[in-house]
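Q: Produce the entire structure from the sequences given, and follow the hints as far as they go.
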Amino acid sequence: MKFKIQQKGDAEPWYFEVGDQVLSRGLTPGQSFIARKLDNQLACLGELEVRLHPDGRSIAVGDVIVPFSGSSQVIKGTDVRMKMGAPAIFRRIAIEQVKPIAPAKTTANLGGGEQKSPLTGKVLSVLVTEGQKVREGDVIMTIEAMKMENRILADCNGLIQNIRIALGANVSVGDPLCFLKPEEEENGK
Amino acid sequence: MSQQEKVFKELVFRPFSKVLIANRGEIAVRVIRACRDLGFSPIAVYSEADRDSRHVSMADQAICIGPAPSSESYLQIRNILVAAKKSGAEAIHPGFGFLSENADFANAVLEAGLVWIGPSPQAIHAMGDKTFAKRAVTAAGVPCSPGKNEPLKDVEDLKKVINDIGYPVILKAAAGGGGRGMRVIRKSEEIQESFAACQREALSYFGNSDVFCERFIERPRHVEIQILADSKGNTLHLFERDCTIQRRNQKLIEEAPSSFISDRTRAEMGRVAVKAAQSVGYVNAGTCEFILESPEKFYFMEMNTRIQVEHPVTEAITGVDLVQWQLRIASGEEINFKQDDIQIRGWAMEARINAEDPFNGFRPSAGEVHQLEFPTGPGVRVDSHLYRGYKVPTHYDSMVAKVIVQGQNRKDAMAKLYRALGEMVIDGLDTTIPYHQALLKSNAFQSGEYTTRFVEENETLLKEFESHQRPLTQEEALAAAIHAKNPSSHPTASGHIHLNEKSIGESAAQSGKAPSQWAVAHRMDATRR
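Chains as they are written, first to last, in this note's numbering: chain A, 358 to 546; chain B, 16 to 544.
Everything labelled a hint here was simulated from the structure, so no lab data went into it. Because the structure is a prediction, the values reported are computed rather than measured. It is possible that part of the hints are untrue.
According to the in silico footprint, chain B covers these stretches of chain A (three or more CB under 8 angstroms from chain B) [unchecked claim]:
id, region
1, 374-388
2, 399-409
3, 470-483
Sample of chain A residues at the chain B side, in silico, Cβ under 8 angstroms [what the hints assert, rightly or not]:
id, residue
4, Ile362
5, Trp371
6, Val423
7, Phe425
8, Gly427
9, Val437
10, Ala445
11, Phe447
12, Arg448
13, Ile450
14, Ala502
15, Lys504
Using N, Cα and C, we set each Cβ at its ideal position, and we do this for glycine too.
A: Written as structure tokens, this is what we have:
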């Protein structure tokens, strides 16, 4: 498996290759293996010895220790956030397997579509009506959870359709709230 | 004086051994620990949503007091008293929040023949009515922000006050607290609407539409004084806590001492806070909150008649166990040290860790704790009710832990807090840890030059912190890819998020379990924006 790794904001990415068998089944704590450093044409620049520390909190690359505090979290697409370093801070890093398949343009990456509740709570206000045009970032509704008011924002410019909840309703994570028809789609793409 | 004089029971002080804690979560755990330290038997109460909570498992007895909504459980005076009777509790500690500042609850506890671990219902009532409190402390010589210390009769009344003190002014609910139902008025066009809105909110939040008005201080510091008073007439202060760093009136980081005030102001504020407490015959632990316009100019805001979230920073710098003393004072003990015995040692800071996602507007994040590791080492304390496998319920406050550090000075305390937050692992929930880390590295926080508006005026704090990180080294880049891609770096295979949608599906299929709600929420999150 070849990877392109780039921290958000960094000028240049890094490229590495790790044997498929190494990651497919999961590393045993204490296990060592060799990874290859690549250039941006994916040619090999050299080898590095890697060892996963049995406490699950760090990885040694040669004699350099890279600590981790917790698991990585997917943010969006190939971007993950992980807490690493000493003292560990959160870094946002895009980790891409090289040989990418071009993603099809869908409602999902255009924004819009079915607007689902990101949290469990009670609908405090519904600020739009069906057929209303909204702009990206407009507040569609507010949901109260854990004593706090949370604003649900429009993903993109578009048209509000099919409002599925009413004022005061209790919603759970993932419950559909309304449909947001993206503007581009509306204009016939 | 208030419209109808209520007749409240007087406090009773007598030894006890069984203590019911009418609270949940972190503070219930804290009080249980104080009970254990003193050899008392702690009794927990819990709602149906809290059956699996840590405070339940740490107690000697645990009694269910109703369904998940706090209005049907933790706020049900009757249910709590029934639990007390059933369990044979002799005293009740209210913690903070819920019924802790409810004079009727304190009174009911006393009427049931139990010891109330807190100030008298009369003192709670007096301090709970903000206009009454301001009148009482003003009479005792405590400085208050200019305004009218009585409920406003109508809009005309409000206009008259504004004429006297000038814009901007702030309208507050007389029965309020916690920053809810407050409105700032900057020009005459806003008067009518703000007055009506504030009355409405006061009624819906606090069941009393009385509002009052005082001068609004634009960019204040928030500094409070800890009070401890016993039944023998000793009233002491334990110096200040600086709680200026707040978001929507909720404190984020508290520290003691305050870097803002001089020793002279410190002594003056302490003296004034003792007077304020004495003016209502205060007994037990309490806190006088002040706002500061400048390092010398402070105004009394309110008195919190309970233990506070941030009490550990005071415990750290003074060495006084405040919750133990709450219990000891209630049992009739006399405070065995004098004002002059209390000295500030070093510098303490507390970061409140909330289950909220600071990268997404502090959206609450309920879910299951998959991995948990608390920081330790010199000067570090963690108060929390979390355990591995615990599912954080959505019904209550989002605070899940407090990290308290003590250093030799402010710089050392900041370094220790930063280190501790780096070591802390709470997997499965989004937490405010990254926000605290960014805050600790900001110039304004480090230099001590900030006001209560800091968080709202620095919305991009976290983004800036991320963008100022040094580039990844080759070792970090490689390790990051392996960490993210390696299933065994994620000890909880079931439902944990992996690098891409495909591997999520795979891991869920491998473990034969559906992904957790939390993972689903995050995946949705990932596709939202």
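Q: Determine for every hint whether it applies to the structure shown.
A: Hint-by-hint comparison with the structure:
Under the rule that three or more residues need a Cβ within less than 8 angstroms of chain B, the assignment of the region 374-388 of chain A holds, with 7 such residues. Look at the region 399-409 of chain A against chain B: 3 of its residues bring a Cβ nearer than 8 angstroms to a Cβ of that chain, three or more, so the hint holds. Check on the region 470-483 of chain A: 5 of its residues sit with their Cβ under 8 angstroms from a Cβ of chain B, so the three-residue criterion for coverage holds. Satisfaction of the interface hint for isoleucine 362 (chain A) is found here, the shortest Cβ-Cβ separation to chain B being roughly 4 angstroms, below the 8 angstroms cut-off.
Contact between tryptophan 371 (chain A) and chain B, as hinted, is supported at the beta carbon level, the nearest pair being about 4 angstroms apart and thus within 8 angstroms. Annotation: valine 423 (chain A) was flagged as interfacial toward chain B, and the flag holds, the nearest CB pair being 4 angstroms apart, inside 8 angstroms. Using the Cβ-Cβ criterion of 8 angstroms, the hint placing phenylalanine 425 (chain A) at the interface with chain B is satisfied: the shortest such distance is roughly 5 angstroms. This hint holds: glycine 427 (chain A) has a C-beta 4 angstroms from the nearest C-beta of chain B, less than the 8 angstroms allowed.
Given the 8 angstroms rule on beta carbons, the hint for valine 437 (chain A) holds: about 5 angstroms separates it from the nearest Cβ of chain B. For alanine 445 (chain A), the shortest C-beta to C-beta distance to chain B is roughly 4 angstroms, which falls under 8 angstroms, so the interface hint holds. The closest approach between the C-beta of phenylalanine 447 (chain A) and any C-beta of chain B is roughly 4 angstroms, which is under the 8 angstroms cut-off, so the hint is satisfied. Hint on arginine 448 (chain A) holds. Least Cβ distance to chain B is approximately 6 angstroms, under the 8 angstroms limit.
Hint status for isoleucine 450 (chain A): holds, given a least beta-carbon distance of 5 angstroms to chain B, under 8 angstroms. Checking alanine 502 (chain A) against chain B by beta carbon gives a least distance of about 5 angstroms; that is within 8 angstroms, so the hint holds. Checking lysine 504 (chain A) against chain B by beta carbon gives a least distance of about 6 angstroms; that is within 8 angstroms, so the hint holds.
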